[in-house]
Amino acid sequence: MAIRNLRYGDDEILRKKAREIEEIDDKIKTLAEDMMDTMHKYDGVGLAGPQVGILKRIIVIDLGEENTQYILINPIIKKQKGEQIVDEGCLSFPNQYGKVKRPKTIVVEALDINGKKVRIEGKDLLAQALSHEIDHLNGEVFVNKVEEGTLENISDKELEERRKQK
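Residue numbers (my numbering): 1 to 166.
Don't read these hints as lab results, they were simulated from the structure.
Hints may contain errors.
Computed list of lysine-lysine pairs in DSSO-like fashion (alpha-carbon distance at most 30 angstroms, straight line) [what the hints assert, rightly or not]:
no. : residue 1 : residue 2
1   : Lys79     : Lys145
2   : Lys104    : Lys116
3   : Lys116    : Lys79
Ranges of calculated distance between the beta carbons of each label pair, as one might list FRET restraints [what the hints assert, rightly or not]:
no. : residue 1 : residue 2 : range
4   : Asn138    : Gly82     : 15 to 23 angstroms
5   : Glu33     : Lys157    : 14 to 22 angstroms
6   : Gly149    : Lys117    : 21 to 29 angstroms
Where is the CB? At the ideal position from N, CA and C, for every residue including glycine.
Input sequences plus hints: build the corresponding full structure.
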C-alpha cells in the first residue's frame, strides 16, 4: 500500500480528540493497511490515526509475534488492572524515551476491520501498546505522562545499539 507521513512533536493534531468511525468503507480499510505499512517502515509497535494526520478512532498494533497484529476501530478501554513502569517511546517523538506508568492488564472493546465487535485482553507489552495508542485518540501524548526526570533524547546511533542489545 502506501507509507503515510507521520506527524511529529508540536503538531496540534496530536493533541486533538479523534472522531468515531461511522462506517468501515474502502477508505478506512486502505487507511488501516497504510497505517500498518507506515508503522512497520518506522519499526513501531503501534500507530494511531492522528499520528498520520487523520482524526479518526483507529489504531494498529503489531507486537512482532504470531497472532499479535491488530487493527482496532473505535476502541474503548473497558477495564484496567495493576500497573507497570515501562520505558516508552513514540514514532511521533523520535529519539525521545522515558518511564511511563501504564496498566499491567487491560481489556479493550472495538470493531475489527470487518465491523465485527472484538474484545482484546492484553497484558504487559500489549497492555502498554493499547493504552498508548488509545491515549493518542484522546489527544494525549506520552511525553506528558513521562515520570519527572526520566525523559531523554537518544541519538540514532545509540538507539541502534539499544535495539541490538534486545
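Comparing the hints with the structure gives:
The hinted pair formed by Lys79 and Lys145 meets the criterion: a straight-line CA distance of about 20 angstroms does not exceed 30 angstroms. Distance check on the hinted pair: Lys104 and Lys116 sit about 26 angstroms apart at the alpha-carbon level, within 30 angstroms; holds. For the given pair, Lys116 sits about 20 angstroms from Lys79 by alpha-carbon distance, which is consistent with the 30 angstroms threshold. Remark: the range hint 15 to 23 angstroms for Asn138 to Gly82 is upheld by a beta-carbon distance near 21 angstroms.
Evaluation of the 14 to 22 angstroms hint for Glu33 and Lys157 yields a failure: the beta carbon distance comes to about 32 angstroms. One distance hint, 21 to 29 angstroms for the beta-carbon pair Gly149 and Lys117, is violated here, with the actual separation near 42 angstroms.
Hint compliance for this structure: hints 5 and 6 are not met, and every other hint is.
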